[in-house]
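Kindly generate the complete structure, drawing on both the sequences and the hints.
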Amino acid sequence: MSPSRRRDKELREEIASHLRMAIHDRIERGMRPDEAAADARRELGNISQIQEATRDVWGGRWLEALAQDLRYAARVFRRNRSFALVAVVSLALGIGANAALFQVVDAVRLQSLPVADPSSLVEVRIVDTEGARGNFETWHAAVTYPIWREIQARQQAFSGVFAWAADRFNLTNGGEVRVAQGLWVTGDFFGVLGVRPVIGRVLAAADDRPGCAPRAVLSYAFWQRAYGGSPTVIGQSLALSSRPVEIVGVAPAAFHGLEVGRTFDVALPVCADPVFSDDGKGRLPVGTDWWLSVFGRLKPGWSVERATAHLQAISSDLFHTTLPPTYPAESVTKYVNFKLAAYAGGSGLSHLRETYESPLWLLLGTAGLVLVIACANLANLLLARATARRREIAVRLSLGAARGRVIRQLLTESLLLAVIGGALGLLLAHTLSGFFVTLLDTQSDATSLALGLDWRVLGFTAALAFTTCALFGLAPAMNATRVSASSVMRATTRSTTSGRDVIGLRRALVVAQIALSVVLLFGSLLFARTLHNLTTADPGFNPRGIVIAGLTFRRLDVPADQRPSFRRGLVERLRGLPGVQAAATVRIVPLGGDAIGNDVWPEGDRPREFNSRFNTAGPGYFATLGIPLVGGRDFDERDAPQSTPVAIVSEAFAAKLLPGRSVVGARFTRQATPSSPEKTFEIIGVVKNSTYMDLREDLSPVAFLADAQSTGPASMQMMVRSGLPAGPLTAAITRTLADVDSRIGVTYSVMTADIQGTLVRERLLATLSGGFGVLAAILTLVGLYGLVAYTVARRTNEIGIRLALGARGSDIARLIVHETGVLLVVGIAAGIVLALAGGRAAASLLFGVRPHDPLTLFGAVAGLALIALGASYFPARRATKIEPVAALRVD
Amino acid sequence: MAKATRYQNRIELLQGTLDLLILQTLQWGPQHGYGIAQAIRAGSSDVLQVDTGSLYPALHRLERQKWIAATWKVSANKQRTRVYRLTAAGRRQLASERSRWEMLVDAMAGVLAKAERGEA
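Taken in order, these protein sequences are the chains called A and B.
Heads up: the first sequence begins at 1 in the numbering used here, then just goes up one per residue.
Heads up: the second sequence begins at 1 in the numbering used here, then just goes up one per residue.
You may find that some hints are simply not true.
Calculated pairs, DSBU-like style, for lysine-lysine (alpha carbon to alpha carbon, straight line, at most 35 Å) [stated by the list, open to error]: (1) A/Lys-679 with A/Lys-339; (2) A/Lys-334 with A/Lys-679; (3) A/Lys-334 with A/Lys-281; (4) A/Lys-9 with B/Lys-114; (5) A/Lys-9 with B/Lys-78; (6) B/Lys-73 with A/Lys-9; (7) A/Lys-339 with A/Lys-299; (8) B/Lys-66 with B/Lys-78; (9) A/Lys-339 with A/Lys-281.
Think of the hints as simulated: they come from the structure by calculation, not from any bench.
Written out as structure tokens, the structure reads:
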């Protein structure tokens, strides 16, 4: 029994005992029992009124009233199932989409790292890296190892500081590569972050000594996946890229490293880097290998600004000390003037965040608009229902219900809808956000996000549900109770009672829906066209039927000077495979995301220097990719290591080097790089322009150097064109490579899929905004249909009279369509203004279409007009079919 | 007119005085609602009549304030009654309300006496 029920029962018993004693006393004084009972009752007064008054003393009345309202609301919905269903479903969809997007935004943008006191973590970076030369290994590479050592030695701002870098290891000893995501960490990494091991121990400063043996901390997920969570894993040896690594511990499940959106499998101390390098020295002594990110924990009382000031102060000495001897002379000034600064680092680094932050906010805004449209529909539905319930409300008001009480009752109904919709939305959100993350996944890039239900997501959803409740519930409730009871009671169900203000409000809601739908449709069309433009953009080569084989032959210890011939031998073997039409090597796969850029100039004419992209390709590369040679010749056996350095250049390169003249036979000079001095090349051929790194970029100058004239690393990319499906082809390649040497490792990717992978953001935007656009259009269709049908119903009498007086069906249809038309014109006009403003916000995410593209805008408007006409067609038709006599006889 | 005659010897209780009377009554020992009403009536020689519609809300209000506490007791003839007793906080409250009441009475008496003299 509930406490309030029990109190009620006890109160009744208490009053009953009072009455009993009063009767008893009276009988004792000599009254007749029936007289005594009557007298005692009279003295006691109205029992239920006593109970009411006493209950009021207890308080908690509002809770009872709420329970009563809720019971009443539930009864109303049980009687109007279809209304409740439409309302709950549209709310669940609207709230679900918003909550799902917010969950993703929360995960990539708002969440702090799951480490001790994330707010005191800062990242240390060079403010402007313009002029930094060398290899940049990852997108977040901030410093070289020598710079890191100096930061560690000189800094005073942090209680602890560490560096880390992401890398990949191969889990197999040959054949097809299985990738383990690796982290290089310095000794204090785990200590400063406050990450404790689940079993074993984490790496400490003692593990990070020069010449150390490789040791690894496993991630929890990898430990579960590869070892089934076995505790005996400590002390075991794990082969990473064919090197034995001792496992010392396992990190906790919540810890995914410092990059949001990517997890790690194994963490190794940076001192083990030489063991994994081709040359046995690795990146530690090299001042031009940029690979590490530096984080520190601020000392108590230190702010980010103070740390920055301190870092700026030590920068000059630091960069003078670490200036690499091979640094190209023209970049030295820039290097020694680099300035370090501290940046808030509590939420880690994220490539995902940099790429998707603005699209995600944009999509969240879009989803918000869809929710507003859904709310407008619900408000419209409730208004219609409130009109139907006028009698009921009027009766209640005239029986003495306070207006506030009736508004509260109506709001409770909306609240119940909002709470159910919100709860379902939250469930839906979980599925949807998982779906978003799979949209972000590509062939080569697995995305992992901690999509938890934290207080922010719950709070956001709750706030959304209550706001929407207020949005769609308040106006109808206010409106419904603003009636004079007598007029409604007197009036019949169908006449002129629904006031002008109600229909005006409903029209305004529909106009708003139309306007917002124009915006959403326009946006989704812009993104659809962007995606279309990019997928159909001509990259300048033909990716169809191309499989990219990434080979590593590090374990074979092929001497550097023999690598070109080794590579040529492998290409020959693959060309001989049945079904293979062409094969060639290349250093940088087009659209793969890597790039090399250097300044070049016509030999002896330095002032005319310009920046060019570089690549290295073997004979047959251009034929394999279908890039036409427009002048000169392809690479061939004449281009040997000892002969003149040669290059094939793109048309854009040729136009920059010698405008209007043939460049075959001409020579150009490339600036010095940390690994090679200034060098001059002879141009032997010119090829058509093709994209290098990004489908969106303009075709910039590219120079291809001869593969045979470059030693290159102990790995290579092979482009294989064939008519075979990818499966049998890769199996055949793997077998052939194993025949050559079982220690060769290989990974495969299909080029068309890789290119699709570069369009994830555009596809996400086009898919989701398209979905939202369609949803908005459907909701508007429903809203408009409802309004027109309502208008027809309201004007049945009038239409009956018109028909009786000789109006034709077409006149009536015109009447109805005219009403829709006015709403449409107003809504579309407002929508165009909003769409043009919104388009500007999305400008940076578009490709090949202007943010105010008139054709697209016309498409959105036309689409919506069509929907609107469709929405008014059926009610209009019904209006023309009204039987005049029946219409007049109603009531 | 009959109504007026019937109540001519009884005084409507001043707002707040019922609480004081209940606390005062309970000072002599635990008592149930009916008993409290009877004691007030008897103590005032039938002048003060406690309306049941005010008594029970007042009892429950005092209970919420924790000035009195209630328990169910079974009487000699096996009937359950709800019995109230004064708590320590109630005792303090009684003392303070009582002194407030005495101040009020003194003040009223003073004003009324002055008015009488003025009239004389």
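Okay, the hints, checked on the actual structure:
1. A/Lys-679 with A/Lys-339: holds (31 Å)
2. A/Lys-334 with A/Lys-679: holds (22 Å)
3. A/Lys-334 with A/Lys-281: holds (27 Å)
4. A/Lys-9 with B/Lys-114: Between A/Lys-9 and B/Lys-114 the Cα gap is close to 53 Å, so the pair fails against 35 Å, i.e. violated.
5. A/Lys-9 with B/Lys-78: Holds. A/Lys-9 to B/Lys-78 sits at ~19 Å (cutoff 35 Å).
6. B/Lys-73 with A/Lys-9: Between B/Lys-73 and A/Lys-9 the Cα gap is close to 16 Å, so the pair holds against 35 Å.
7. A/Lys-339 with A/Lys-299: holds (21 Å)
8. B/Lys-66 with B/Lys-78: Distance of about 28 Å is within 35 Å: holds.
9. A/Lys-339 with A/Lys-281: holds (28 Å)
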